[in-house]
Structure formats: structure tokens, C-alpha cells
Amino acid sequence: MNVEILAVAIMTGLATSLLGVFLVLRRMAMMTDAISHTILLGIVLAFMWVGSLTSPVLLVGATLMGVMTAYGVEVLYKSHRIKEDAAIGVVFTFLFSLSVLIITLQFRNVHLDIDMVLLGKIEFTIFERWRFLGFDFGPRAFFVMGFAWLISLVFIAVFFKELKITSFDPALASVLGISPVLFHYALMTLVSLTAVAAFNAVGAILVIALMIGPPITALLVTRTLVKTLVVAQLIALFNAFTGYLLGSLLDLTISGTMATVTLLTFLVVMVCAPEKGLLGQTFRRQRQRQMLAIATLIRHIANHENTPEAADELDIENTASHLQWSRTFYRKRLEKAMAQHYLTVENKQLTLTEIGRHYIRQFDDDARLAERRDNT
Amino acid sequence: MFGLSYTLTIVLLGTVFLGAISGSFGTFIVLRRQALVGDALAHATLPGIVVAFIITQTRSLEWLLMGAAVSALLAMLILNVLKHATNIKFDAGMALILAGFFGMGQMLLSYVQKTGAASQAGLSRFILGQAATMLRHDVVIISIVSTLVLLVMLAFWKELKLFTFDPVFFRTLGLSERFMERLLTLLTVTIVVIGIRTVGVILISALIIAPAVIARQLSNRFGLNIALAGFTGGMVAAVGTLLSATRNNLPTGPVIALLLGVLVLMAIAFAPRRGLLWQALRTRQHQRAIIVAKPLIHLYENRQSRDEDHLAYRQYLAKGDVKVEDGVFLITPQGQARVRALMGEKFS
Amino acid sequence: MQPAFHVEDLTVAYQQNAVLWDIDLDVPFGVLAGIIGPNGAGKTTLIKAALNLVKPLTGSVLFAGKPYRAMHKRIAYVPQKGSVDWDFPTTVQDVVMMGRYGHIGWVKRPNAEDWRRALEALEQVDMLPFRHRQIAELSGGQQQRVFLARALIQEADLYFMDEPFQGVDVKTEQALVELLKSLKASGKTVIVVHHDLNTVRKYFDWVTMLNKKVIAHGPVDTVFTDANIRRTYLSDSLLSVERD
Chain S
1 MNVEILAVAI MTGLATSLLG VFLVLRRMAM MTDAISHTIL LGIVLAFMWV GSLTSPVLLV
61 GATLMGVMTA YGVEVLYKSH RIKEDAAIGV VFTFLFSLSV LIITLQFRNV HLDIDMVLLG
121 KIEFTIFERW RFLGFDFGPR AFFVMGFAWL ISLVFIAVFF KELKITSFDP ALASVLGISP
181 VLFHYALMTL VSLTAVAAFN AVGAILVIAL MIGPPITALL VTRTLVKTLV VAQLIALFNA
241 FTGYLLGSLL DLTISGTMAT VTLLTFLVVM VCAPEKGLLG QTFRRQRQRQ MLAIATLIRH
301 IANHENTPEA ADELDIENTA SHLQWSRTFY RKRLEKAMAQ HYLTVENKQL TLTEIGRHYI
361 RQFDDDARLA ERRDNT
Chain P
1 MFGLSYTLTI VLLGTVFLGA ISGSFGTFIV LRRQALVGDA LAHATLPGIV VAFIITQTRS
61 LEWLLMGAAV SALLAMLILN VLKHATNIKF DAGMALILAG FFGMGQMLLS YVQKTGAASQ
121 AGLSRFILGQ AATMLRHDVV IISIVSTLVL LVMLAFWKEL KLFTFDPVFF RTLGLSERFM
181 ERLLTLLTVT IVVIGIRTVG VILISALIIA PAVIARQLSN RFGLNIALAG FTGGMVAAVG
241 TLLSATRNNL PTGPVIALLL GVLVLMAIAF APRRGLLWQA LRTRQHQRAI IVAKPLIHLY
301 ENRQSRDEDH LAYRQYLAKG DVKVEDGVFL ITPQGQARVR ALMGEKFS
Chain Y
1 MQPAFHVEDL TVAYQQNAVL WDIDLDVPFG VLAGIIGPNG AGKTTLIKAA LNLVKPLTGS
61 VLFAGKPYRA MHKRIAYVPQ KGSVDWDFPT TVQDVVMMGR YGHIGWVKRP NAEDWRRALE
121 ALEQVDMLPF RHRQIAELSG GQQQRVFLAR ALIQEADLYF MDEPFQGVDV KTEQALVELL
181 KSLKASGKTV IVVHHDLNTV RKYFDWVTML NKKVIAHGPV DTVFTDANIR RTYLSDSLLS
241 VERD
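Residue numbers (the numbering used here), protein chains in the order written: chain S, 1 to 376; chain P, 1 to 348; chain Y, 1 to 244.
So here's chain S without its partners, still in its complex pose (with noise of 0.2 Å):
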């Protein structure tokens, strides 16, 4: 096991799923793939400007070319010619391959090889060093990426209030006096600047994954901001730790195994969470049904109590098929229901309790609630 490695993999998931919490909220989710291919293309300028693979003219060069993919799209699809789906995907394709080309004509002999900044390889990251006065601290790509985290980190502590409401409502912010354009464009170019300090250790597009898996799986179990944010954060070291695990054990890449990770995790959550995951949502829906068809049951026998039919209609062996109900099925809620005590039988006829009164009337008073939550 080695500490360093697993030391850059699970900064880089810190700092990168941190902002990711704000892109998936804003719906700006593609814009990081787009953003992740485009800012090769700063790199390569960069690099031609001063000739070196380690200089911070990079991580600038770079950053700025984020900022401007985002601007480019925004001019592109507020010129209402395009959709931003599509304005997303000339755009990256453009600087994309404007950046492959310069690499393949320029650079065939240097060390700036187009699988290595598309895949990245996280192993390798142990081998740049930071050292200062002598002294050598330990990976480069680590406090490069701390770096990265601390900045976001304490960008958004700062204007947590502010990042807030120009996410969730942009109008009332701009109302209030704080900007949405200009928060939009720090984040852009935060993330940004973390998309270049990950590519070495995870490449391009693995960066997307790390981005966004934690917070949509947090998302998913979450109702407050500040919870989203910290449980995206745990959620990223668990993947980083995991990923790291499984791929030295079984001697697989390790940037690729933490991006299936957090794909496995998101799935499993999205699968398994209590209230928005799928088993969850079957169960209730399930639950639902059985509910309403108790209602049925319960609103059948109020609707013909006291009425002249009652006698056929309320018999204990006839309502099955005045419901169009299969026995089975009767059989069961009819349990149910007096399980509940909201019905009881006299003489084999089925007659309400107070209990039962009560429970429609509580239940008509949800239905109508749900129905005007669903039509707005």
C-alpha cells in the first residue's frame, strides 16, 4: 500500500466533488465536460508559451480557457441559433481537436502525450516532488490539489449565503444586489482551476465522474445544503479510498477503479436510498395502492349505509364483486381494514367504525393535497 498515492487520490475526490455539489444544482453538470476536454487546449498553448510541464503559467493558461469555454457557450446558445446542449458539444469538440492537432504536429517528441493527459495516471503523480529549502515534502500533485480544495473550500464557507440563493433562485438575487453572473463565473473559474490541477492524476474525462458522482448520490439522501456538501465530501473519500483499494489490489488503474466506484456507489444508492431510491419509491408506490384500495373499500361501505341496497351491497360475501375485486384480493384488505379496526362485521354486514370515519376523511384531505402538489 502506498500512502502518497492514496493520499493524491482521495484529495483529488475532496476538491473535485466539493464545487461538483454547485454544478449539479445549477444544471451545469455537461458544461464540466465540456470544460474538462477544452482546458487541454490551454495547457498545449501554455506549454508552447514557456516550455515547461511543471510552470503555473499552466494552471492560469489553462483556467482562463475554462472560463472561456463556458463564456463561448453562453454567447453561443443566449444567440438563441443553438440549444446549449448542442452549443456544449461544437464547442468542446472544437478546442478539443484544435488541441489534439497542435499536440500531434508540434509536440510528437515531447513529453506531453495525448493518453496521459486524457487518461491521467495517478501513480505517476509520486514521482514529481515538491521540494523546498531541500526539504522534500512529498508528491507535487497532493498539495496542488489541497491547494485546489482549500481555495474552494474557503470560497465557499465565505459566500455560502450568496452561492446559495444564486443557485436556487437567481431573480431574487440579482433583486437583493447579489450578482448570479459574477458567481457564476468564480465558480467557472474554480472549477476550472480544479479540473486542471486533477488532470495529471485523473485525465480529462475521469475528472467528470469524480465531480459529479458524489453529490448526485448525496443528493439522494440529503435535504439540506450544508448536509449535501459534507456527505458528498464523505462520499468522495469512501470512492477515493475504495478505488484505490480494489485497483492496487488487483493491479488495475487506479483513476479508472475509483471512476467505476463512484458509478457503483451512485447506482447502488440511487437503488437502495429509503426515500428517493427506486426500492423505496416501489414500496411506497405498493404501500399506496393498498391503501387507496382500503379507501375504496371504506368509501364503498359509507356511500351505501343506510341506503336500501344496503343488505346486498354491504354483504360480507357480495361487496368483492360489487368492487370488481378478486376474492384474494378482498380477502386481504378486508384483514387489513379490520385489523385497523376501521370496519367490523354484524351480521355479515360490514359496517364503519369511528375509526374508519375518521380515516377517510384524513385520507380525501391528503388526496386533495397531493393532487394540488402534482398540478403545480
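Hints listed in this document are in silico derivations from the structure and should not be mistaken for laboratory results.
Any given hint might turn out to be false.
Simulated pairs of lysine-lysine, BS3-like, Cα-Cα distance not exceeding 27 Å [said to hold, decoys possible]:
1) Y:Lys108 to S:Lys227
2) Y:Lys202 to Y:Lys181
3) P:Lys294 to Y:Lys66
4) S:Lys121 to P:Lys114
5) Y:Lys184 to Y:Lys171
6) S:Lys83 to Y:Lys202
Derived coverage of chain S by chain Y (criterion: at least 3 residues anywhere in the stretch with Cβ under 8 Å from a Cβ of chain Y; other residues may be distant) [stated by the list, open to error]:
7) 151-164
8) 174-183
9) 213-226
A few chain S positions that, by computed beta-carbon distances, are all more than 10 Å from chain P [said to hold, decoys possible]:
10) Phe238
11) Met291
12) His304
13) Trp325
14) Thr328
15) Gln362
Positions of the beta carbon are idealized from the N, C-alpha and C atoms, including for glycine.
Chains P and Y: place on chain S using the hints.
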């Protein structure tokens, strides 16, 4: 053929077929706002390719593409569950599927590398594509599949048209929305799968999206749009292939994508009617005219002038837009017509 | 006295199509005013132009004689319910607190006083028991109450509301109207985009009838006539504005 080498002719045929079919079918994808679904599906093919290789231990294109299709369909299945059964934001789910599947592909690729299969080098070429190494066999596959897609498109022409335009109305006619959705998914996957061999999983999006955007700028008619997109896709693919052949090692996919990008920007800026440049000029002219004609508009809305504005009407008096009766300024029919022209045609 | 809300010569156009055309109107202080008109009449655009959310081509908007910049702290805005993501991970009291963000100022956190006011506003709209719920777990009417509470703690003098009764049950609508009337009684001015013609007389004392142009505006009793309603809602009314 035309003095081209045999290899180049083969490559040219392949890319032109691919460009034409992905361009024309891309129109449906772009109009349905599914442009990035294509991107996600393309990335999602990678694990399938690698698994197919692990199982069959061959690099035969049929098997690898079969694997690609299976994993893209699996990704689509998950996306459908996401969309219909959960509240998860669809774009975020799509981004995760895209990158997660791609990561899985890389993980499997590293497994293949570990087992030391020498031929694995051929697998990573799917990421950026490699048109230059296309064989006659590959082109046969591409052209057969392209023709099939084209035939399906023609066969379901009116259904595709209506479904793309108004899926709800489509369903009220008693036609199966689900069938159409599946058909479109299947065709999208097919195009992506035959495209990755040539331009790679990242840039196939350019071939799907860009021709449709260009064609839309040039035409308002559906059929013409599709024909134009197909034509643009095919032409650009041809030019790109020839350009990349002029220099050794110039990758075809990126050249084509770059050309398409430039054309999209040009079409959006300069296209005859929908071009931003003309639009901006016209809008500016019109808005200036409104600002300048403010006094006349006031007269139109308020019947009579306010006293302090008298000076402002001098020029309109001269043009005959305004007349004076009993010392009161009134707008003439000619002036009314001028104001109504400024209001814009959608106004009334 | 200056009117609470004054619009002069306002024209808004998107590309070559005018959305609002030469709007002149005044809303006096202390009224409950309705803006009514068919779909696409520019009701929301009028509010957005007033709040500096869209840029007008010509014209100006004044609040008590002053421009928006000088008055924005005295103005509250309730957007259409559909304009936000109700799935956002945030609670009822959090959303209400957002109304205070302008007062709290940059970077600073809400203090005890802010929380007291937020809870008070929730009490006013009968939503106090729901304050810890996630906003997706509310009915349409309850969501609208939360939005209203959020506007209440802005402590504004002028309230703009965009379709506050949309997707709301009758009971909530009555409660909201009572609240708006009590705002008016305490001297506030309330301007509401509304689409239900049947309730205009009952709810408002001032009305602006809009269909890209101002068709009529003034006290409900004198302005809200059958003739004006026809002119507002029939599309050819635009032509009938022609004189002679």
C-alpha cells in the same frame, strides 16, 4: 480513382459514408435536444469494446463493435431509469454515466495490459479514432450499416418527423412513443458505434451535432435540413480526410472536427437570414428607429400631442406623417402605417 | 405626492419584436394593484423591467420618484413558483431567510434577530410547524406561502408578485389575499400579476390592463369594464386602438 491511392480511396469512402449518415441522422438528435446523449453513449462504448476483446481475444471489428453497442445500450437503459423513475437531474446523471463508463473501460483496459496481450494497442485507438488504418472490410461494414440506417430513416420518415416535433401529439394519435424512442436510441447507438472506429468516442459528437447546426442555419425546412446536414457531413469528412492525408501522422478525426467547428461558427455568424451578424444589424436598426420615432409613437398612442413636444414634430410634418388641425397635432394614416411597421409583425 | 410606482415611455423588445410598447402608468401608494392581461401580454416582462432584470429599449421606471438603484432595499419580489428548483436541498426556514440576505450584507451570517424575524414571518403565513421540511415536501399552496413569508421579511414598502395564486387551493388563496390586504392596510403598496378575471373586483382596488400596451389603468371600479376587458383579451383589440 482520380489519382488517389487505393488506401486513401478506401479511407475516403468510409469517412464520407459516416459523415453523411451521422450528419443527416444527427438532425433528429439535435432537434430532440439529445446532442449530449450521443456524447455520453459514445464514451459508454469503451468498456464494451474491451470486454468483447477479453472474451473473444480477437481484434475483429464486428465483435468489438458488438461489445460497444451492448455497453452503450446498457448505459441508455440506466439513463432511462434515471429519467423516468427518479428525481435525479438528468444532465448530471448523464455526465456521471459518461465518465463512469469511460473509467470502467480504462480499468478493464489496464487489466488487458496486465495480462500482456500484445494486441491491446489496437483498443485505445477507439478513443481518438484512426481513420488512416481503415481496411476495405471496415468500409464495407460502415457502408452497409449506413445504408440500413438511411433506409430505416426513410421508412419511418413521417413518424420520425412528427415524433421529433411533438411527441405528445404523436401519442394522442395512438402511435407508440416507446417504440419511437427505442428506434431512435437504436439508431443513435448504431451511428456512434460505426463512428468510433474512425473519429473516436470523443469527437463523434462533432459529426453528429455540427452538420445539423449548420443545416439549421441555412434552411427552415425539415427535409432540406436533413439533406443539407447529410451533405455537409459528407463533404467536410471528405475535405478533412484529404487534408489529413497531405501530411504524415495528421489524425483525420480532429481535422474533420476542427473544420466542422469553424463552419458552425461561420454559419451562426454569417448565414443569410439567421446569421447573428445580419440579425444584429437589423435589430439595431429597428431599435434605433423606435427610439428616434418616439414622438410619433406617442402621437399614435395618445391621439394628441403634449404641448411641450411641438418642436419634435417638425420633421414628421415635413414627411407628411403628422398634420395640424385647429392648432392640434394629429397623426396621418401614413404616420400610423410607419408606427405599425415598427411594432413588429408578431405584435398584432 | 409622487406615485409609488411610475413607468414612463417603457418599451422592451427582444430582437425585432416589441414585448412592451410605450408603457406609461402610475400606481399610487397604499393600493393593492392587479396587472391583468392574456398570455404573452408582457406582464412578467413589465415586472422584470421594473426590477432591472431585463434591459428596456427606452423609458424609465421610478419608485416614489427615485430610480431602482436608490430604492431596491424597499422593494420585494415574489417570482413565479415555477421559476425555482423545488428539489433544491434546502428547508422552509432557509428559503424564508433568503429574503434577509440583502439586509444581512455580504459574507455575514444571519444573526438571532434575523432568525426571529424569519420565524415571525413563517408564523404570519401559518407555516411555522413546517419550518424544517424540505421545500419539495410541501403542497403548491404551502410553497406559495413560503415565498410570501420570504417577501415579508424583506420589510419592503412595495411588493411585486408574479402569479402568486397559481396552483394554489381556494383556502390558501383566501389566506394569501387576506395577508395582502393587511399589508395594504399597513400602508404598503402591493402589485400582483393576476390572471383570474373573476376575482379582480374582489381582490384589487387598482388595476392595470395590459396587452403589450397599457389598455387601461386606474381604480378597479372605473376601469375594469366589459369594454376594456374585451379590448385587452381580444387580439384584434390592438388594431382597434387606432383612432378615427
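Going through the hints against the structure:
1. Restraint check: the Cα-Cα separation between Y:Lys108 and S:Lys227 comes to about 20 Å, which is no more than 27 Å; the hinted pair holds.
2. Under the criterion of a C-alpha separation no larger than 27 Å, the hint pairing Y:Lys202 with Y:Lys181 is consistent with the structure, at around 11 Å.
3. Taken as a hint, the P:Lys294 and Y:Lys66 pair is honoured in the structure, with Cα atoms around 23 Å apart against an allowance of 27 Å.
4. Restraint check for S:Lys121 and P:Lys114: satisfied, since their Cα atoms lie roughly 15 Å apart, inside the 27 Å limit.
5. For a cut-off of 27 Å, the pair hint linking Y:Lys184 to Y:Lys171 stands: about 20 Å separates their Cα positions.
6. Taken as a hint, the S:Lys83 and Y:Lys202 pair is broken in the structure, with Cα atoms around 44 Å apart against an allowance of 27 Å.
7. With 5 residues having a beta carbon nearer than 8 Å to a beta carbon of chain Y, the stretch 151-164 of chain S meets the requirement of three or more and the stated coverage holds.
8. With 5 residues carrying a beta carbon less than 8 Å from a beta carbon of chain Y, the stretch 174-183 of chain S meets the three-residue requirement, and the given coverage holds.
9. Counting residues of the stretch 213-226 of chain S whose beta carbon lies closer than 8 Å to any beta carbon of chain Y gives 5, which reaches the threshold of three, so the coverage claim holds.
10. Even its closest Cβ contact with chain P, about 15 Å, leaves S:Phe238 beyond 10 Å, as expected for a residue assigned away from the interface.
11. Annotated as non-interface, S:Met291 keeps its C-beta farther than 10 Å from every C-beta of chain P; the closest such distance is 21 Å.
12. The beta carbon of S:His304 is kept farther than 10 Å from every beta carbon of chain P, the shortest such distance being approximately 38 Å.
13. The claim that S:Trp325 is not at the interface with chain P holds, since no C-beta of that chain comes within 10 Å of its own (minimum 28 Å).
14. Here S:Thr328 stays apart from chain P, with its beta-carbon at least about 28 Å from theirs, past the 10 Å limit.
15. With a least beta-carbon separation of about 26 Å from chain P, S:Gln362 lies farther than 10 Å from that chain, consistent with its non-interface assignment.
Hint compliance for this structure: hint 6 is the single one not met.
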